[in-house]
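These protein sequence lines are chains A and B, in that order. Going letter by letter, the first sequence gives residues 1 to 253 in my numbering. Going letter by letter, the second sequence gives residues 1001 to 1253 in my numbering.
Rather than coming from a laboratory, the hints here were simulated on the basis of the structure. This one's a predicted model, so the numbers in the text were calculated from it and none came from an experiment. No residue lacks a Cβ here, since even glycine has one placed at the ideal position from N, Cα and C. Hints may be right or wrong, so weigh each one.
[Stated by the list, open to error] Just a sample of chain A residues kept apart from chain B, beta carbon distances all over 12 Å, derived: (1) Thr10; (2) Glu25; (3) Val32; (4) Gly49; (5) Gln52; (6) Gln94; (7) Arg100; (8) Tyr109; (9) Gly148; (10) Arg163; (11) Arg173; (12) Ser250.
[To be verified] Covered stretches of chain B, going by a simulated chain A footprint (3 or more residues, C-beta under 8 Å): (13) 1052-1062; (14) 1099-1105.
[What the hints assert, rightly or not] Partial list, derived from the structure: chain B residues whose beta carbon lies under 8 Å from chain A: (15) Ala1022; (16) Ala1029; (17) Gln1033; (18) Leu1075; (19) Asp1078; (20) Gln1157; (21) Pro1161; (22) Val1171; (23) Arg1173.
There are 2 protein chains.
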Amino acid sequence: MTETTEKIYTHRYLLTAAQCNAQSELAPAMLVQHIIEVATEHADDLGVGFKQLEADGNLWVLSRIALEMKRYPRLLEDYSLSTWVESYNRHFSQRNFEIRGDRDEVIGYARTIWVAINMKTRRPASLEHFDFLAGLVCDKECPIAPPGKIRAIEPPQMCHPYRFQVSDIDVNRHVNSSRYVELIINQMDLDTYDTFYVSRFEIEFRHEAHFANDVEVCSAFSNDGKALVSTINRGTDQICLARTITLPRSPSN
Amino acid sequence: MTETTEKIYTHRYLLTAAQCNAQSELAPAMLVQHIIEVATEHADDLGVGFKQLEADGNLWVLSRIALEMKRYPRLLEDYSLSTWVESYNRHFSQRNFEIRGDRDEVIGYARTIWVAINMKTRRPASLEHFDFLAGLVCDKECPIAPPGKIRAIEPPQMCHPYRFQVSDIDVNRHVNSSRYVELIINQMDLDTYDTFYVSRFEIEFRHEAHFANDVEVCSAFSNDGKALVSTINRGTDQICLARTITLPRSPSN
């Protein structure tokens, strides 16, 4: 179910058992998939979707995500993602999200940055055709810090090799963004995720990866032990960088 | 959106870009996830869901699937899964599915076998409390062959090692059934799936696998070259066996 109230677009979901993770919740990677889905739907609605950009030989690329959750949607919970455009300029657009659980309780927020690039050159494209976006900018509050600069920690404390498979590739013929999130979450074991939950997650996408690419997923805890910093590397290319902050679970999350 | 017309339960879906595979279609593994989701919903509706079985200390376990597709749902296509109970006895239930695309075109069928087991002993449980199921059996046609006996081909022609990760574990704390389908599909490369599509897929689930289990995914083509037979092995245990039949793609699929 979807609805648009002027500048804010909402998509409602129900978390079925088949979609749950081992903690009977929506997994962070699935939340990222929903963020991309809802952003795409709203952009289509506003007339700045993939089809409109394609007409100019351009496409949207997701550059960064930062999300913060008090808790994740639970088994059989009705939840929703609402999205709005916070700002845009000639080259990129900032789009925010509010995640609500049952009884409309706000359970989290996300910030994303989308860049328009030329399909052939893969260089930044101009959004100046879409001046009407200025009228669609919304000043709804998104009370979480924007994505910050992430620096890899050397040397990493753990590294896992992985080769991208058929099931990792999306409709754009590159690796699915939410799959990177899974690979990073998979750096920790099941006991860890039974005891802690991901309270803040940031990811910066730097390069596209493709079928059969060999990568290493490398992680290390920050000096203060508060964040796990991860990189997915293909040789010397950093495909993406992420910072994961976990907190102990309590009965309310 | 869901609806129930007497004995047949229907769940309607829209295939968004975020849910597509590299061929801009619903992936076979995602179809299997939907099959499980829709079966669960219908069983809940009928009063023979996980909650009712749990009251007796039992649960449903998916034992076999056979599916045949003329084509898979495509990007932005409205499609639906309808399900009904073909038969049941004291120990298991046969549940079928019809998959329809846009304009209600029938694009495929599936057959599944579900077994009730005792949660503690993991031995077959009795469904005799659920006699009313006899009145819910439906004689709607499912014109595909039932799942047959699958025999591993020795020696396999390809083997890939895999260790199950956090993202592979489902709400029941074992490996997600649809993840096995992905691992089997991943035995082939992207070019193969650009040229061929999975016209028939059968899988038999024999053992549960858990977090951090090390397995080998092994496959070999049958003597006539028509089917790829795959097993996922944990030591000498066969976790599951599958038979995949692919056909060259044509403009209609």
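Handout entry: Hint numbers not upheld by this structure, sorted from lowest to highest
Key = 2, 3, 4, 10, 11, 13, 14, 19, 20 and 21
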